[in-house]
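Enquirer: Guided by the hints, dock chain S onto chain H, whose structure is given.
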Amino acid sequence: MSFTDADLIARVLLRVDQNAFGELVRRYQSPVRSFISKLADGDAHLADDLAQETFVKVWNKLGTFRSDAKFSTWLFGIACNEWRMHARGRRELALEELAEPPDELAQPEAATASNLRLDLAAAMKLLTTAERAAIVLCCQNGLSHDEAAQALGCPLGTVKTNVLRGREKLKRWLAV
Amino acid sequence: MKNEMSHLPKTQDPLDELLLGADEYLPDSGFTARVLTALPAKRAHSWRRFAVLTLAVFIGAALAAWELPAIFGILHQAIPLHWSAIQWPLIATITALLAALASLVWAMFALVAEER
Chain H
1 MSFTDADLIA RVLLRVDQNA FGELVRRYQS PVRSFISKLA DGDAHLADDL AQETFVKVWN
61 KLGTFRSDAK FSTWLFGIAC NEWRMHARGR RELALEELAE PPDELAQPEA ATASNLRLDL
121 AAAMKLLTTA ERAAIVLCCQ NGLSHDEAAQ ALGCPLGTVK TNVLRGREKL KRWLAV
Chain S
1 MKNEMSHLPK TQDPLDELLL GADEYLPDSG FTARVLTALP AKRAHSWRRF AVLTLAVFIG
61 AALAAWELPA IFGILHQAIP LHWSAIQWPL IATITALLAA LASLVWAMFA LVAEER
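In order, the protein sequences belong to chains H and S. Mapping of the first sequence onto the numbering used here: position 74 corresponds to residue 74, and the numbering continues sequentially without gaps. Mapping of the second sequence onto the numbering used here: position 53 corresponds to residue 53, and the numbering continues sequentially without gaps.
Chain H with its partners taken away, still in its complex shape (with noise of 0.2 Å):
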């Protein structure tokens, strides 16, 4: 027998049951590391660091999650806030402070698909966070971007503008 996120949800809340809080964790820590290791361009470790913050968090606000908006919209928001702070505080760049990278990389000159993963991870990279945190969260993980929009909180036009450049900055990189 599965449970649903909301059934998971009323059972930590009702019964602080670490069972059913566990399994959301499990459910959700590969989105969530993932979406801040790329947002820490790669650092594993310190994603797993922001990730556990983050889980950490939900466990103390989770009375105050509203079941009207998806569980996922709102881990994200927490784990962008968690990534948020600690670039503050290491006095790098805020998502919407991050400066544009240089327009062009060197394209592959045999895109094989063998070499055109590494290539986007590459091309993620010279991304701002600002676009590859929009990129991620609707292109890879399926939220609207109504949804990322909450998350990242940033209105919804600069979430579609981010999207748009994003891919298209990708697309001229990657030659796809």
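Treat the hints with caution; some may be incorrect.
Claimed, not checked - Now the in silico label distances, taken between C-beta atoms and shown as ranges: (1) H:Ser67 x S:Phe50: 49 to 55 Å; (2) S:Thr37 x H:Ser144: 32 to 38 Å; (3) S:Ala62 x H:Thr64: 33 to 39 Å; (4) S:Leu63 x H:Asp68: 27 to 33 Å; (5) S:Thr37 x H:Thr4: 23 to 29 Å; (6) H:Asn60 x S:Val105: 23 to 29 Å; (7) H:Asp7 x S:Ala41: 35 to 41 Å; (8) S:Ile59 x H:Arg15: 30 to 36 Å.
Calculated from the structure, these hints are not laboratory results. The C-beta atom is built at its ideal place from N, Cα and C for all residues, glycine as well.
Expert: This is chain S only, laid out in the frame that chain H set:
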């Protein structure tokens, strides 16, 4: 994975295929266990505690309402002023009720703050 994240629609765009293909599932590798270990202790809503607090508030209010007229009587005798027109029992009752209400509000706030 049985979470509520939307399934991405199938697309013909090679970039989308590439993006989806690049998003590999990360194995848990003890991550969930570390998170559960790091969780702070959290108490369930203690309805018994709430009931005891509320009962205590009302008992306190009842005792105050019972005793305050006597206290005000003593004060009335001790202070030689023309206060005989003042409705001491009424004031005592109102004071007791206000004290009970303040205690109840305080208890509720304390309870909510502690639960969070």
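Enquirer: Next, verify each hint and record whether it holds.
Expert: Structure-based check of each hint:
Between serine 67 (chain H) and phenylalanine 50 (chain S) the Cβ separation comes to about 24 Å, which falls outside the hinted range of 49 to 55 Å. Taking the beta carbon of each, threonine 37 (chain S) and serine 144 (chain H) are about 35 Å apart, inside 32 to 38 Å as hinted. Alanine 62 (chain S) and threonine 64 (chain H) have their C-beta atoms about 37 Å apart, which keeps the hinted 33 to 39 Å range intact. Restraint check, leucine 63 (chain S) to aspartate 68 (chain H): a C-beta distance of roughly 46 Å breaks the suggested window 27 to 33 Å.
Distance hint check: the CB atoms of threonine 37 (chain S) and threonine 4 (chain H) are about 26 Å apart, consistent with the given range 23 to 29 Å. Look at asparagine 60 (chain H) against valine 105 (chain S): about 25 Å separates their beta carbons, and that is inside 23 to 29 Å. Between aspartate 7 (chain H) and alanine 41 (chain S) the Cβ separation comes to about 23 Å, which falls outside the hinted range of 35 to 41 Å. In this structure the supplied range 30 to 36 Å holds for isoleucine 59 (chain S) paired with arginine 15 (chain H), their Cβ-Cβ distance being about 31 Å.
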